[in-house]
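Enquirer: Next come the chains, spelled out residue by residue.
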Amino acid sequence: MIHSRNLPFVTTLAIFVIAYALCALQFPAMLSTRVIGNLLVDNAFLGIAAVGMTFVILSGGIDLSIGSVIAFTSVFVAVTVGSFGLHPLTAFAVVLVISTAFGSAMGAMIRYLQIPPFVVTLAGMFLARGAAYLISTASVPISHPFIDTIQGFYFRFPGGGRLTAMSMLMIAVFVVGGIIASRTKFGANVYALGGNPQSAELMGVPVGRTTIGIYATSGFLSGLAGIAYTLYTSSGYSLATVGVELDAIAAVVIGGTLLTGGTGLIAGTFVGILIQGLIQTYIVFDGTLSSWWTKIVIGVLLFVFIVLQRGIIWYSNRRIDIARLKGA
Amino acid sequence: MSDSQNILEADCVLEARSITKSFLGNIALDTVDFSLQRGEIHALLGENGAGKSTLIKILTGVYSRDSGTIRLDGEEVSPANVGEAQALGIGTVYQEVNLLENLTVAENLFLGRQPRRFGLTDRREMRRRSRELLARYGLDIDVDALLSTYSVAIRQIIAIARAVDLSGKVLVLDEPTASLDAQEVEVLFSVLRKLKAEGLGIILITHFLNQVYAVCDRVTVLRNGKLVGNRALDGLPRMDLISMMLGRELQHVTRDHQATEGDVPVGDAAISFNDYGKRGSVSPFDLAIRPGEVVGIAGLLGSGRSETAFLLFGIDRADSGTATVDGSEIALTSPEAAIAQGFGFCPEERKSDGIIGDFSVAENIALALQARQGWAKPISSRQKQALAEDFIRSLDIRPADPDRPIKFLSGGNQQKAILARWLATNPRLLILDEPTRGIDIGAHAEILKMIEKLCGDGMSLVVISSELEELTAIAHRVIVLSDRKHIAELSGADVTADNIMHAIAAPNRTEAA
Chain Z
1 MIHSRNLPFV TTLAIFVIAY ALCALQFPAM LSTRVIGNLL VDNAFLGIAA
51 VGMTFVILSG GIDLSIGSVI AFTSVFVAVT VGSFGLHPLT AFAVVLVIST
101 AFGSAMGAMI RYLQIPPFVV TLAGMFLARG AAYLISTASV PISHPFIDTI
151 QGFYFRFPGG GRLTAMSMLM IAVFVVGGII ASRTKFGANV YALGGNPQSA
201 ELMGVPVGRT TIGIYATSGF LSGLAGIAYT LYTSSGYSLA TVGVELDAIA
251 AVVIGGTLLT GGTGLIAGTF VGILIQGLIQ TYIVFDGTLS SWWTKIVIGV
301 LLFVFIVLQR GIIWYSNRRI DIARLKGA
Chain C
1 MSDSQNILEA DCVLEARSIT KSFLGNIALD TVDFSLQRGE IHALLGENGA
51 GKSTLIKILT GVYSRDSGTI RLDGEEVSPA NVGEAQALGI GTVYQEVNLL
101 ENLTVAENLF LGRQPRRFGL TDRREMRRRS RELLARYGLD IDVDALLSTY
151 SVAIRQIIAI ARAVDLSGKV LVLDEPTASL DAQEVEVLFS VLRKLKAEGL
201 GIILITHFLN QVYAVCDRVT VLRNGKLVGN RALDGLPRMD LISMMLGREL
251 QHVTRDHQAT EGDVPVGDAA ISFNDYGKRG SVSPFDLAIR PGEVVGIAGL
301 LGSGRSETAF LLFGIDRADS GTATVDGSEI ALTSPEAAIA QGFGFCPEER
351 KSDGIIGDFS VAENIALALQ ARQGWAKPIS SRQKQALAED FIRSLDIRPA
401 DPDRPIKFLS GGNQQKAILA RWLATNPRLL ILDEPTRGID IGAHAEILKM
451 IEKLCGDGMS LVVISSELEE LTAIAHRVIV LSDRKHIAEL SGADVTADNI
501 MHAIAAPNRT EAA
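So the protein sequences, as listed, match chains Z and C. Quick note: the first sequence, position 271, residue 271 per the UniProt record's numbering, numbers continuous. Quick note: the second sequence, position 318, residue 318 per the UniProt record's numbering, numbers continuous.
With the rest of the complex left out, here is chain C (with noise of 0.2 angstroms):
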């Protein structure tokens, strides 16, 4: 609120009063102001659970708010719907649920509002029109071809050009590069830079403070549902930034951890594999993993960090090499045959693969337990509950309700559960791939310092990030993976973030990155 008094009426396009919504007595928005310049992007920061997306979806018209006003151009408005959203200027692109795949181009471009010729469609005008839209965003693709044969970053475009031209006063992007590489964000914010030149007000929501100062002109930060406040980037210190976010001075998250450098675990590996690895997925490897030790997982997208945690977790068979445990072989022929091993894993599609929304946070955890005890012994409910409630105190998993279904917490807190289902089978190695991927500040630096403490417990962790900064602070060793194979292997003071760019840029790598 601070510096908003010295915004000219005239410039801003949309403007939001005293917004306040709650679900089931839960309050998600509590008074909270924000306020939108013609030509800025305006981004929005908030911890999860900070209320950002209840904001987001309230002008967007997905939810109606309980009190409160929201101008646009300085009328009053209150979208009932996207629809009505869309029509009154405001248009959204969203993370994850985008588009269309089974329709083309053309027709996601234009749906529901196709261009008519004597009452009907009119598919060559749509395509026509479609051409000349996405030009101006410098695309020039088969706009008849279904959308699910572009890539994320296509789609995006595509995305955010149907969201202008429908709605033409404000831009909502929810986490939009999130599933881009670093050369498809660029080409995302000259679109975005030129957006802004055109007039239009974008609203940025993401977790990359690094974009955040690349394209931003302000920001408003919400913590719990409340403004925290709202001010210009351009000299705002990066830590005033995050202690906004955070509400408490950050503790020097990443640094710390470097003293892990010097002292590798000594000793035998417990778990190796030799030679591993499967045609059309991972070359084969080595890998041998110690008690105690944090094996990182570094490459680029594709490259295969994904495909070699299936290997070693059995969802993918190997059909070269051996595994052994302890010195003796095991055949890992399924998830099953891993989990009696003792081995765990946290997926990275953590929707689709990990959690199981509709049940309690205490049947989450409860999950892998029950899968090893196998399903004749039956953990009784009283069990859950305590298993659950310790987890959720010793993780601080919020809202510290057991019975609630995990689809309705946050990223951080759904990843936390997750972690605590694999914890309460103590297992000896836990494959853990990208745990920090879209979460907030404050969860990610608990989730690394869980890590820590894992391994200073003797647990083995094999951890797939593409967050250099991260792999560098917790990994004992990392591997580096490029076009399906290990390509290098750096451990103690080497695990730097430039040595690991220096790998993957190596010249064995035949494709163009």
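Pulled out of the complex, with its shape left as it was, chain Z reads as follows (with noise of 0.2 angstroms):
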């Protein structure tokens, strides 16, 4: 039997399905494994995104800093690398030390000086974004031998596809977040907070370690999304991923996440990406479709899911209340 807090994961699966063969059906190239293979780089750095976002909505949190830490990773990578000459590697890790910084710093905001999560992070997404100016207005390109060898690697599906590092990253990631957010205490702190952070307290949940810990990883992994966005685009440039934050609840939301936390799954997130790529991916085989009605699709998407949890809330407080007036 399926439990309903898994219905909406189960529903989004099937809308992929029911989509995707919708779309094979119309045109059977879009089986390919090339097909596959895009939809899967194309998507990667918001993917990795996502990751950090949903532990973020589990918490009953949001992050809307996202977008500007990945434009800001991109930009930092690119002037580093190649105006300062320094090794990709080295970056990459001072990269990561500073995104990590800054969501344990907005994560400790919220906790101790108890401010909403928007307000925190929204004021980071502004900060964020002013010091990828700072640094360079330009659109700057990267070139280094390491990062070709990194875009030059790849497996090679049967039938021609390409399964790149990056997303093979991706993967790693949604794999990992999955094993922490299901698995490790954690995990399980994230939940318990999304819950009901008073009950989670007097349950002995640590909660400020577990928020600090959340904005954290969403930090870590919106500078790991930064690089491969720069692999994926070999540049930095600080106007670039403007919105991505929202493109990441999206997925999330779509993935069958509860938008007020304590529910859902990182794996739900993973099926959120791939709609949003599959409707991105049909609009380009149409090829008269205006690439605006992703976003139309995405947003009715949006309004189903929404409606969808409601039901299935509204349905098992229902389903409680009869259950409780036949003990009664």
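Incorrect hints may appear among the rest.
Here are some chain C residues pointing at chain Z (derived, C-beta under 8 angstroms) [said to hold, decoys possible]: (1) Asp66; (2) Gly83; (3) Tyr94; (4) Asn98; (5) Leu99; (6) Leu100; (7) Leu103; (8) Leu120; (9) Thr121.
Facing chain Z, a subset of chain C residues (Cβ under 8 angstroms, in silico) [to be verified]: (10) Gln86; (11) Asn102; (12) Glu107; (13) Gly112; (14) Gln114; (15) Ile379; (16) Leu387; (17) Asp401.
Because the hints were derived from the structure by calculation, they are not lab data. Remember, it's a predicted structure, so these values are computed and weren't measured experimentally. Beta carbons: idealized from backbone N, C-alpha and C, even for Gly.
Assembling the complex is the task here: the two chains are given apart, and the hints tell you how they should meet.
Expert: See the structure below:
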């Protein structure tokens, strides 16, 4: 039996499978491994960031700084590697430390100053974007033998598709994220916080440490997403990735995670990313549709999922009430 | 303190001495001593605001103490948070915030101490151990189901199982029976007796004296932040205990009012409901309320008591029948419409539906009056202040500070403030849903007195209560509900607890109680 808390995920998965089947009926070429490979690589940075966003939303929070942190990371890496000749690995390490520390600081403010996450991360969004402009306002190309090596590394699927390093990174992030969420103390604490912070605290959940950990994770993964984005575009640009946090939120919600926190799966976010990628791919195949249809379809899907979630909550509350009345 | 000398040191699992705590200059606990033996159930009693919660929160690491010592098994301890207190051996089960509804039963039981295998949570082991743990409490349930799918009673036992498994020396229960029915309370008590036999020290906070006598061995009474006494319950007369709590001889709260039995107000009903009902909520009923009359509504949990109130106050819209006031038909389409007719309603869930916690006492009191005047005519803050001071004096709301956010008041005082809110509008019909739930005996008596005074002034009242003694003491008539139907109406001398129970147990009730 499907537990009602997994129902949103199952629904999302079903929608994806059906939609993919319909697309494949119309354009059989969409079944090719090339399309799948591209779908993964095109959405790799978004997927990585969305894993961090899933943790944040599961805990009942929100992180609006993701897009800006990605832009900052890409500019930082491009400038340090391109202008200062730093080895890319060193630049990656430095920028991951910065983005993780940035996330931790936001988490600490949320916890200890009791400021709502929306406000703190909104400030973080402006801060990171401003810092990116400060480094460079131009689009900075990046070229380094090491980066070429990473970009050139891939596994070939039968049929010509490629599983690139970035796709592998994204899949690894999803797998590790999924394990952390479902099989570690930290993960359980995240769900507990999202359920009810007071109860969680009274049950002995270290709320401060967990909150900081959540936003540090989101910061770290935004940094990692920024690195993936730099590799993907071979450049750093401070105007890039505006609004990516909203795409990430959309993927999380379409993936069945409740915006109020406490319920959802990392795997759901993966399917959410695939659905967004599928819509883009379909539009490319169709050739006549405006790319804005992506936004419209995602908007519609979001509405559908929010209504669905309300419906599920209503249904399960009703069931509990009925059970209670029978017991009384 | 008087009896505590003869307690053997070795039997004492938890001992607190001279605990003092103040909040912003207000002393909440003043050099309080408390001791708990192994294998005893110890009641902690006191009126609202006596300092029970503060003492418990200090013992369980939620608050830090200003001075004093706590010894657990002879070792001095200072838990800095709930986690530390748990690790030391002190576990707590709270009345309201209890476990996490969005997690499964097994996840709730093992949150923070998940069994691990290769560094990761071993869910299979967690399930196995959860089943094993709950079996000891006689629970055989699906540990993979979300907690929210189970009743409050089962959640309570799960919370106890967690707390005992986690801590193992001291179990603190803060009003565990407040939302349980009699049968569930019995199940809970048998669990407590079993734990006591295993040598656990249990602290029980409750408002129900019957329950204190039913399971507890000793009692500690606090009043106004000070220790009043610590007695063995065996042979302690109930009146002595009550006067310890109130610090004054209890005036015969309930019995006096029986005088109302004979004189049911006569005359035409000013407010009447004919064939009034809503599908899926309450079956159509007739109800006529005369000025100066108290109509009680009795029934078990889920029998449609609160739903009746929702209909009367326009929160739910009736789909059949008519409502008339002074002979003309009215449409109760919303609470605003009801307020315009001069109705008032104090809901059961005080915290979520009644008060606005961050607003001051004065603002909370002025709310309904403001709604009735319309928002275009604001009540000046001086008027609010005067209004609040009036009611603070007449209802004895403590602390007597109109500017204090209402969330810092105790339950009884919050309830008085909500009553004041409606009294300020001078309603003709006041609906009270469980007006005395979760408040102490002193405030309880005051609220019953107030109800009597109001009906003496010609106000009509509808009082919903699960305490039959309360209903029989104040109501002129009692409507008995069962299975969301009005099944009986008792009036005058027939209003007795026995008659109400007979009515509830009458054979037309299809489902087992």
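Enquirer: Please go over all the hints and tell whether each is borne out by the structure.
Expert: Okay, the hints, checked on the actual structure:
| no. | hint | result |
| --- | --- | --- |
| 1 | Asp66 | 22 angstroms, violated |
| 2 | Gly83 | 4 angstroms, holds |
| 3 | Tyr94 | 6 angstroms, holds |
| 4 | Asn98 | 7 angstroms, holds |
| 5 | Leu99 | 6 angstroms, holds |
| 6 | Leu100 | 4 angstroms, holds |
| 7 | Leu103 | 6 angstroms, holds |
| 8 | Leu120 | 4 angstroms, holds |
| 9 | Thr121 | 4 angstroms, holds |
| 10 | Gln86 | 5 angstroms, holds |
| 11 | Asn102 | 4 angstroms, holds |
| 12 | Glu107 | 6 angstroms, holds |
| 13 | Gly112 | 5 angstroms, holds |
| 14 | Gln114 | 6 angstroms, holds |
| 15 | Ile379 | 31 angstroms, violated |
| 16 | Leu387 | 32 angstroms, violated |
| 17 | Asp401 | 24 angstroms, violated |
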